[in-house]
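Novice: Since chain A is already given, all that's left is putting chain B on it; use the hints.
Line order of the protein sequences matches chains A and B. If you read the first sequence in my numbering, its first letter stands for residue 1, the second for the next number, and so on. If you read the second sequence in my numbering, its first letter stands for residue 1, the second for the next number, and so on.
Rather than coming from a laboratory, the hints here were simulated on the basis of the structure. Ideal Cβ positions, reconstructed from N, Cα and C, are used throughout, including at glycine. Relax, there's no trap hidden among the hints.
Partial pick of chain A residues on the chain B-facing surface, computed with a CB cut under 10 Å:
| id | residue |
| --- | --- |
| 1 | L7 |
| 2 | A11 |
| 3 | A13 |
| 4 | T27 |
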Amino acid sequence: MTPLKTLLLAAVAAFAILILFVLPAETGMDPTGAGDALGLTALAESSGATGFTASTAARRTVEERFMLEPFESIEFKLVMHDGDGMIFDWSADSPVEYEFHAHGPHMAEGEAIDLGTGEGTRQAGTYIADFIGEHGWFFGNRSGAPITIDLSAAGHIDGTILYRSGRRIETIFEEGE
Amino acid sequence: MRWTVFAVAAAALLASPVLAHDVSAANAAYVEGLAGPAPVSFLYLGAKHMVTGIDHVLFLLGVVFFLRNLRDIVIYVSLFTLGHSLTLITGVLAGWQVNPFLVDAIIGVSVVYKAFENIGGFDKLSGAKLDMRWAVFAFGLAHGLGLATKLQALTLSEDGLLTNLLSFNLGVEIGQVLVLCILVALLKLWQRAPAFPRQAYAANAAIMCAGFVLIGLHLTGMSQTA
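If we strip away everything but chain A, and leave its shape as in the complex, we get (with noise of 0.2 Å):
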């Protein structure tokens, strides 16, 4: 065989390569159906993310402010279902421990997914709810004056759940909100 011909053999098996199994899997597109047909489309669907999810949920704004005690503790959670997205910001006037996590009804009293834990002024950023459940915020004040925490969220939160001095304060909001 001339290398000429070596050449375009090796253009035509990349070609059949490349409809047959790397653009389906890689692309999404199938152009002969063999894709679809070896279930490889569904490589390019999974791994194809572009950040984008419906929701039913209305847009709801949470502004809350918490003065903690010295030595205090709370807990704030958002009420949000599965790829439910919101936008927070929070800031305090000293540094204070901080620990975001997630807990869903299928998991076990006491247990979370611990997504970001620190001390310090300040933390926005952005979430995207994996499960439906309470997504938020541990607080606690580790010194001896009172810290003032200002925090905001904004997304698709159903309702909000405070937990201080052993109480929890469920406030689902109404349709319309």
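Specialist: Just chain B now, with coordinates in the frame of chain A:
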């Protein structure tokens, strides 16, 4: 012929699962959260990019395929290194924005080109034959541009940029040396085998095929995002 078909199939298997080797999502999140110099992390990312990048590995395989003495290997690899270091560092510092799919497709072309040269494809096309040293240097420039584009796709902090960039480049060299050690050692064994000339032809046909797959995939990516 039997070897050619076998090798093409093997290369296709090898190429498909590892085609996309952008910096992984977790690594990207880490790099974007960084402010300030993190030389070891960037060193690691550079080395990882090279070792897990099938396009770079295939091109290096093509380059060292028929080289038998260390001196030639060092000359060719140094030219490649010089080329990609130049474009990686100036590209990031000057903020060159090149379509990453186009660069990846050109890297695919470099893979096909070197393998075609290896099977004597340019011997009859005398006009098209470049001095291979220049070609390797030029493709080094293209590979570096690809690296620069990938790095700039992340939002890099200005703080410690030069340190991080030089560390990434050094990591690329370390990764390249690691890959070359394995390739050269295996090739040394293979070159001694009596069937090497025939199998070498098939292997280079397979490398060309994998190069074409890379070109096709990245051109498709380019048309989808354009």
